[in-house]
Every structure is written in C-alpha cells, then in structure tokens.
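Given only the sequences and the hints, what does the whole structure look like? Please build it.
Listed in order, the protein sequences are those of chains A and B.
FYI, numbering that gives the first Met the number 0 numbers position 37 of the first sequence as 36, with every residue one higher than the one before it.
FYI, numbering that gives the first Met the number 0 numbers position 208 of the second sequence as 207, with every residue one higher than the one before it.
For the record, the hints were derived by calculation from the structure and aren't laboratory data.
A few of these clues could be false.
As the list claims (entries may be wrong) - 27 Å max Cα-Cα, derived DSSO-like pairs, lysine-lysine:
# : chain 1 : residue 1 : chain 2 : residue 2
1 : B       : Lys98     : A       : Lys124
2 : A       : Lys91     : B       : Lys67
3 : B       : Lys67     : B       : Lys98
4 : A       : Lys166    : B       : Lys12
5 : A       : Lys91     : A       : Lys34
6 : A       : Lys99     : A       : Lys34
7 : A       : Lys124    : A       : Lys34
8 : B       : Lys16     : A       : Lys166
Given next are the chains, with one letter for each unit.
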Amino acid sequence: MAQELLWIFISALLINNFTLAYFLGICPFLGVSNKLDTAMRLGLANIFVMIITALAAWALNTFVLIYAPYLRLISFIIVIASTVQFVEMAIKKWSPELFKALGIFLPLITTNCAILGIALFATNKGYGLIEGIVYALGAGGGMTLALVLMAGIREETRVLDIPDVMKGTALSLIVAGILSMAFMGFAGMFSAA
Amino acid sequence: MNTPDGHWDVFVKGLWKENPVFVAVLGMCPTLAVTNTAINSLAMGAATLFVLFFSSLLVSLLRKVIAKQVRITTYIVIIATFVSLVDMLLAALVPDIHKELGAFIALIVVNCVILGRQEAFAASNRVGPALLDAAGMGVGFSMALLMIGVVRELLGNGSLFDIPVFGSSFEPWIVMILPPGGFFTLGFLLLIFNTVARRRATRSSIVTKA
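As structure tokens, then:
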C-alpha cells in the first residue's frame, strides 16, 4: 500500500508532470513565471487547491455521481469553484497571514485547467480518497517544481541578448520544451529499477 | 457593424489579427496536448468549434436574461453542457479518437478561448455577429491546431493523416510526437508568426508615411 502511494506520488511529481507532460496549467506557467517568489507562492496555493479538489471530487464520485454520471463535468466545475471560494473565505477569517501569502492566486487558480484535470484524471484512474490526496500532492508539487525551475531560468534570460521576435512567449515555449525533455529522463528511472 | 464588410471583419479577425493561439496565446492545454497527429488536432479543433459556436448562440440569446453577478457561472454551465454533449457524441461516432483524446475533451470546459469569447463578445452582441465571431475564432483555433498537428506528425512519424509521406528511409524524430515536441513546434510557429506580423507592420507604416 505504502509503496503504491509512493509510486503514485513520484509518478505525478516527476514522470507525468502536469505542466511538462500533460500541458495542464500552462497559462500561469507562461504568465506568472517571471519571478521566483511569485512562482513559489502560486505553486503553494496550487497544491492547496488541488488537495481540496481531490477531496471534493472523491465526495462527488462516491455520493452523487453514481446516480447521474452524465452530470460529472458540470457538477465538478461548480462544486470545485464554490468550494475554493468557501475555503478562501474561511482562511481569510481564521488565518489572515496564510490568506495574505496566497493572495490573488487562490481565486485565479480555480479557473486553471490543472484543477479540473486532477479531478478528471483521479476519477479515470479510479483512485480512492487517500490515493486521490497523494496524487494531488504529487501533481501540485510537480507543478510547483516546474514553475520554480521556469522562473529561475527566465530570471537568467532577462540579461541575455535575444532577438526581438524571439522574446516573450516564443522563448518561454522553447525553454519549456527543453525542460520537458529533461523531465522525460525520469521515465527511465523506474523501468530500469 | 451592419455593413457586409463589418460582418466579414468580425469573422476574419479570428483567423489572423486576433488569432486565439498565435496572438492571444490562449487555450494552451489542448493546443499542446492533443496535437501529436493531424487527425487528433482536427478532432479537437472541430469539438472546440462546436462548443464555441453553440455556447455563443445560447449566451447571445440569453444575454438580457442573465444577471450580471452570476454571468461567469452561467457561461460555465452552458459551456459544460455542450462539452458533455460533444463528449458523448464523439464517444458514439468515433470511439478510437475519443479514446485517444481522453480527458482532454472534458477539459474543453476550461479552455479560456471559449469563456473569453462569451465575456468579450457574445454577451454584448446580437446573435448574428456573435455567431460569426464564434465561427471565426473557432476556425482560427482549429487552423492553428492543425498547423501544429501537421508539423508534429510529419516530423515525428513521417506521415500525414496516417499516410506515409517520406518513405521508409526517413528516420522519424520521435521527440516531436512526445510532449517536448509540442512546446518546440508552437515556439517556432510563434517565432515565424511574429516575424511575419512584424514585417507586415513595418511595411504598412512605410506605406502610411509615404
């Protein structure tokens, strides 16, 4: 059991990295990743929302959707968005410091495809409650890792002499491609063992 | 807006000037995730076009009824309904492609291109222009997807729509159909797009000066 959970975690963190292998959450990856500090906080907020989503998805799957599977998409979207909103209000009341640290990112993340992605993938793979949470931790951690790496690289590229047409998204995408290639190497880590 | 010219503009701007992929850089997940073959790109483009078209129709028809405070939620529910529909349609008509696209069909819901068009255009325009706008954006999006898909399949598999093009002596660049290839292809296409757009801009500014 423990080994299985570890496998789920590592797989979501490195091998099937949400950003670099599944292309989920690319918008913040390209948009917000120009400062290390912001990237870090966005990543943390991401992990947080993902865990809540995994919980919500599990509850919906077990209690509601066995009766009406065709409502899956609509109910996921609505429940996730409102849960995050609710949790945001709760945090604001009980822990202003945490609220300040997560800041604007919390509501923004709700519309991120990675969040719906984690609910859908966890459902497709038939994960239970604990597996779902571990999966969310791994996926969120993987996104944070990708964001922070990208932010670090972009801080470096700012001082480089780059042709004008290359600046901005084009460069980010090519950097992301190289990062993604590097992450593909992790796939060999387990098949060899 | 009422001249035929105006209508044409509404349609055409999605193809080039405001292309959702190359200019606005929106809707990146499907753009990169499912474009490993031309046929997948085409299916994804068509599915997105369908959802965008009918969501715009409904949002435009209901624009006076939807309360401002809950508009985003309403759009999402409308979009999610059509996505569920497309999901079931594809599963029934082309089960192979549906299997390959997997969860990415469902993820059309969070494609920012669709929500963006509802908020920016359909919610404040009559049905006719709204549909033209949706069609233009949808076709522009599909076109971009198809371009990426064609490049990736040609280089990564040596084929086009599953028909071999280069013959047996061609060594496929496997990396192009894997995730990094998606990033590279879009990166280089953006580069070409930027260069062309810039050259056009310089030329037109010279013309206006003269």
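Pairwise hint evaluation, B/Lys67 against A/Lys91, where the allowed Cα distance is 27 Å at most: holds (25 Å)
Holds or violated: A/Lys91 to A/Lys34, with C-alpha atoms at most 27 Å apart: holds (25 Å)
Straight-line alpha-carbon gap B/Lys16 to A/Lys166, limit 27 Å: Cα-Cα ~19 Å, so holds.
Restraint check for A/Lys166 with B/Lys12, where alpha carbons must lie at most 27 Å apart: With a Cα-Cα distance of about 24 Å, the restraint between A/Lys166 and B/Lys12 holds, given a limit of 27 Å.
Straight-line alpha-carbon gap B/Lys67 to B/Lys98, limit 27 Å: violated (38 Å)
B/Lys98 paired with A/Lys124 [C-alpha distance capped at 27 Å]: holds (14 Å)
Restraint status (C-alpha distance of A/Lys99 to A/Lys34 at most 27 Å): holds (18 Å)
Straight-line alpha-carbon gap A/Lys124 to A/Lys34, limit 27 Å: Given that 27 Å is the threshold and the Cα spacing comes to 35 Å, the pair is violated.
Going down the numbered hints, you'll see the structure goes against 3 and 7, while the others check out.
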